Amino acid sequence: MVLLEHPHTYTIGRSGTRDHVFLDDAELAARGITCLDVDRGGDVTYHGPGQLVGYPIFDLGPTPDVGLYLRNLEGCLIDVLADFGITAGRLSGYTGVWIGDRKIVAIGIKVSQGVTTHGFALNVSTDLSLFTHILACGIPDKGVTSMALELGAAPPVAAVEDAVVARFSERFTLSETPATHVA
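Numbering (our numbering), first residue to last: 1 to 183.
No lab work stands behind these hints, which were simulated from the structure alone.
Errors might be hidden in some of the hints.
To be verified - Once the Cα atoms are required to be at most 20 Å apart in a straight line, the calculated SDA-like pairs of lysine to any residue come out as:
#1 Lys110 / Leu70
#2 Lys110 / Ser15
#3 Lys142 / Asp43
#4 Lys142 / Asp101
#5 Lys142 / Ile78
#6 Lys142 / Phe22
#7 Lys142 / Thr17
#8 Lys142 / Thr132
#9 Lys110 / Leu60
#10 Lys110 / Tyr69
#11 Lys142 / Arg102
#12 Lys110 / Gly138
#13 Lys110 / Val2
#14 Lys110 / Ile57
#15 Lys142 / Gly93
#16 Lys110 / Asp65
#17 Lys110 / Tyr55
#18 Lys142 / Gly100
#19 Lys142 / His20
#20 Lys142 / Thr87
#21 Lys110 / Leu4
#22 Lys142 / Gly41
#23 Lys110 / Asp39
#24 Lys142 / Leu128
#25 Lys142 / Ser15
#26 Lys110 / Met1
#27 Lys110 / Asn72
#28 Lys110 / Val53
#29 Lys110 / Arg71
To be verified - Simulated restraints on C-beta separations:
#30 Arg31 / Asp65: 38 to 44 Å
#31 Arg31 / Arg171: 34 to 40 Å
#32 Pro156 / Arg18: 33 to 39 Å
#33 Asp65 / Pro140: 29 to 35 Å
#34 Leu135 / Ile57: 24 to 30 Å
#35 Asp19 / Arg171: 33 to 39 Å
#36 Asp37 / Tyr94: 19 to 25 Å
Treat the numbers as computed from the prediction; the structure is a model and nothing was measured.
Even for Gly, the Cβ is constructed at its ideal location relative to N, Cα and C.
The task is simple: from the sequences and hints, build the whole structure.
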């Protein structure tokens, strides 16, 4: 699994359209935001500082149960949030992790030949105002939130990374390998 924070970026998944990004190219450039089409599932989302993005790379086998993988991914991140005192869950009909009708974790994956790519974006101390320039996840009537907003202060991203690694190791029965931090 690769864990990181991206620079300011909007990504448009296979279900999204450029119309869901409300800034033109000049406005994006002026704000220092990159906009990319990507081959994951889902619609438009934001990635940036204060958001822990995870790219789990798993071989799901010859007959992958993608739905089970997604539910396990959500469950792992629900457990991570619980480790920090945040009660989160699933929202019927939607992918991701939610607190009420506010998404705290976006999930968009790709499975090719049984192997997963792409993954999740957990809002730790994300500048949520950057979601106002997109139709986040293609959902017009739901909001976004962050750990900082829910807790009143952001936990250190490194502590969240440690919790993600521990919970993934438990949920997916993996052995932990010491992290390699790259600047």
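Hints, one by one, checked against the model:
1. Taking the CA atoms of Lys110 and Leu70, the gap is near 11 Å; set against the 20 Å cutoff, the hint holds.
2. Taking the CA atoms of Lys110 and Ser15, the gap is about 12 Å. The hint holds against a cut of 20 Å.
3. A hinted pair counts as satisfied when its Cα atoms are at most 20 Å apart, and Lys142 with Asp43 qualifies at roughly 14 Å.
4. For the hint pairing Lys142 with Asp101, the CA-to-CA distance comes to about 6 Å; that is within 20 Å, so the pair holds.
5. A threshold of 20 Å between alpha carbons decides the hint, and for Lys142 with Ile78 the separation of about 19 Å falls inside it, so the pair holds.
6. Proximity of Lys142 to Phe22 is assessed by CA-CA distance (about 17 Å); at most 20 Å being required, the pair is judged to hold.
7. Only pairs whose Cα atoms come within 20 Å are accepted, and Lys142 paired with Thr17 is accepted, the gap being roughly 18 Å.
8. Only pairs whose Cα atoms come within 20 Å are accepted, and Lys142 paired with Thr132 is accepted, the gap being roughly 12 Å.
9. Distance hint between Lys110 and Leu60 is fulfilled; the C-alpha atoms sit about 12 Å from each other, no more than 20 Å.
10. This hinted pair checks out: Lys110 and Tyr69 have alpha carbons roughly 11 Å apart, not beyond 20 Å.
11. In summary, the hint linking Lys142 to Arg102 is supported, as the alpha carbons are separated by about 6 Å, within the 20 Å threshold.
12. Simply put, Lys110 and Gly138 have alpha-carbon atoms about 18 Å apart, close enough for the 20 Å limit, and the pair holds.
13. Restraint check: the Cα-Cα separation between Lys110 and Val2 comes to about 15 Å, which is no more than 20 Å; the hinted pair holds.
14. For the given pair, Lys110 sits about 10 Å from Ile57 by alpha-carbon distance, which is consistent with the 20 Å threshold.
15. In summary, the hint linking Lys142 to Gly93 is supported, as the alpha carbons are separated by about 12 Å, within the 20 Å threshold.
16. A C-alpha spacing of about 13 Å is found between Lys110 and Asp65, which places the hinted pair at or below 20 Å, so the restraint holds.
17. Between Lys110 and Tyr55, the direct Cα distance comes to roughly 11 Å. Compliance with the 20 Å bound is thereby established for this hinted pair.
18. Of the supplied pair hints, the one linking Lys142 and Gly100 holds, its CA atoms being roughly 9 Å apart against a limit of 20 Å.
19. Pair hint Lys142 plus His20 holds up; C-alpha atoms about 14 Å apart against a cutoff of 20 Å.
20. Of the pairs offered as hints, the one joining Lys142 and Thr87 holds, with about 18 Å between alpha carbons and a cut-off of 20 Å not exceeded.
21. As the CA atoms of Lys110 and Leu4 are separated by approximately 18 Å, the hinted pair is consistent with the 20 Å bound.
22. Distance restraint check for Lys142 and Gly41: the Cα-Cα separation of roughly 19 Å lies within the 20 Å cut-off, and the hinted pair is therefore satisfied.
23. Taken as a hint, the Lys110 and Asp39 pair is honoured in the structure, with Cα atoms around 7 Å apart against an allowance of 20 Å.
24. For a cut-off of 20 Å, the pair hint linking Lys142 to Leu128 stands: about 13 Å separates their Cα positions.
25. In summary, the hint linking Lys142 to Ser15 is supported, as the alpha carbons are separated by about 17 Å, within the 20 Å threshold.
26. A C-alpha spacing of about 14 Å is found between Lys110 and Met1, which places the hinted pair at or below 20 Å, so the restraint holds.
27. Between Lys110 and Asn72, the direct Cα distance comes to roughly 15 Å. Compliance with the 20 Å bound is thereby established for this hinted pair.
28. A distance of roughly 15 Å separates the Cα atoms of Lys110 and Val53; the hinted pair therefore holds under the 20 Å criterion.
29. For the hint linking Lys110 to Arg71, the alpha-carbon distance of about 15 Å falls within 20 Å, and the restraint holds.
30. The given range of 38 to 44 Å is respected by Arg31 and Asp65, whose C-beta atoms sit roughly 40 Å from each other.
31. Judged by the Cβ atoms, the range 34 to 40 Å given for Arg31 and Arg171 holds: they are separated by roughly 37 Å.
32. Look at Pro156 against Arg18: about 36 Å separates their beta carbons, and that is inside 33 to 39 Å.
33. Taking the beta carbon of each, Asp65 and Pro140 are about 30 Å apart, inside 29 to 35 Å as hinted.
34. Evaluation of the 24 to 30 Å hint for Leu135 and Ile57 yields a pass: the beta carbon distance comes to about 29 Å.
35. In this structure, Asp19 and Arg171 meet the distance hint of 33 to 39 Å, their C-beta atoms being roughly 36 Å apart.
36. The supplied range of 19 to 25 Å is met by Asp37 and Tyr94, whose beta-carbon atoms lie about 22 Å from each other.
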